[in-house]
Amino acid sequence: MTKQTLTRPDWMYIQSAVIPYRITDDTLEILLITSRKRTRWVIPKGIIEEDLEAPASAIKEAWEEAGITGRVAFDEPIGTYTYQKWGGTCHVKVFLFEVRSVFANWPESSMRDREWVTLSEATDRVQEKELKKMLNIVPEWL
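Just so you know, we're using the numbering used here here: the sequence shown kicks off at 7 and counts up by one.
These are calculated hints, taken from the structure and not from any lab test.
There could be a bad hint or two in this list.
[Claimed, not checked] What follows is a set of in silico ranges between Cβ atoms, one per label pair, in the way DEER data are often shown:
hint	residue 1	residue 2	range
1	D81	E55	28 to 38 Å
2	P145	W92	31 to 41 Å
3	R44	T88	16 to 26 Å
4	I29	W92	20 to 30 Å
5	A110	R44	26 to 36 Å
6	R14	R106	25 to 35 Å
7	D31	A79	16 to 26 Å
8	S126	T11	34 to 44 Å
9	D31	T95	36 to 46 Å
[Stated by the list, open to error] Straight line, CA to CA, 30 Å or less: simulated DSS-like cross-link-like pairs of lysine-lysine:
hint	residue 1	residue 2
10	K43	K139
11	K135	K66
12	K139	K99
13	K66	K99
14	K66	K91
15	K43	K135
16	K138	K66
17	K91	K135
18	K139	K66
19	K43	K99
20	K138	K99
21	K43	K66
22	K43	K91
The model shown is predicted, which means the values in this text are computed figures rather than measured ones.
Backbone N, C-alpha and C define an ideal beta-carbon position, used for all residues, glycine too.
Generate the whole structure from the sequences, applying the supplied hints.
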């Protein structure tokens, strides 16, 4: 096993995210955002802040990164996934997020694009295999 050289405090490797969704004319749509460098499509996620629980931190990320407000649809995460960053493995709890409002201006609007897409298109656009699997089970949760 390869030893990881962590470059950040341990708590920064525990993160939360949302899969933002809405249902329009009986069609499930997912809101994807671009990474800060606008090189790939992702979902809003970030470090769980020390004073917040995972769902509340995910809601905050939804506002900051995507300019959306709403509610976490279920108390438990739909799933988890991992990715490599800062010399270690980040563990992400993912919550379904029912979008109620979309704002034209938000904290990271100058750094990110966003787009409503069908579930099929969302699974095509995201790169993380574990996230693709989670997207595919969203209809089972709704």
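Here is what the structure says about each hint:
| no. | hint | verdict |
| --- | --- | --- |
| 1 | D81 / E55: 28 to 38 Å | violated (18 Å) |
| 2 | P145 / W92: 31 to 41 Å | holds (34 Å) |
| 3 | R44 / T88: 16 to 26 Å | holds (23 Å) |
| 4 | I29 / W92: 20 to 30 Å | violated (37 Å) |
| 5 | A110 / R44: 26 to 36 Å | violated (18 Å) |
| 6 | R14 / R106: 25 to 35 Å | holds (33 Å) |
| 7 | D31 / A79: 16 to 26 Å | holds (20 Å) |
| 8 | S126 / T11: 34 to 44 Å | holds (39 Å) |
| 9 | D31 / T95: 36 to 46 Å | holds (40 Å) |
| 10 | K43 / K139 | holds (24 Å) |
| 11 | K135 / K66 | holds (25 Å) |
| 12 | K139 / K99 | holds (14 Å) |
| 13 | K66 / K99 | holds (14 Å) |
| 14 | K66 / K91 | holds (21 Å) |
| 15 | K43 / K135 | holds (21 Å) |
| 16 | K138 / K66 | holds (23 Å) |
| 17 | K91 / K135 | holds (16 Å) |
| 18 | K139 / K66 | holds (24 Å) |
| 19 | K43 / K99 | holds (23 Å) |
| 20 | K138 / K99 | holds (14 Å) |
| 21 | K43 / K66 | holds (21 Å) |
| 22 | K43 / K91 | holds (15 Å) |
The structure is inconsistent with the numbered hints 1, 4 and 5, although it conforms to all the rest.
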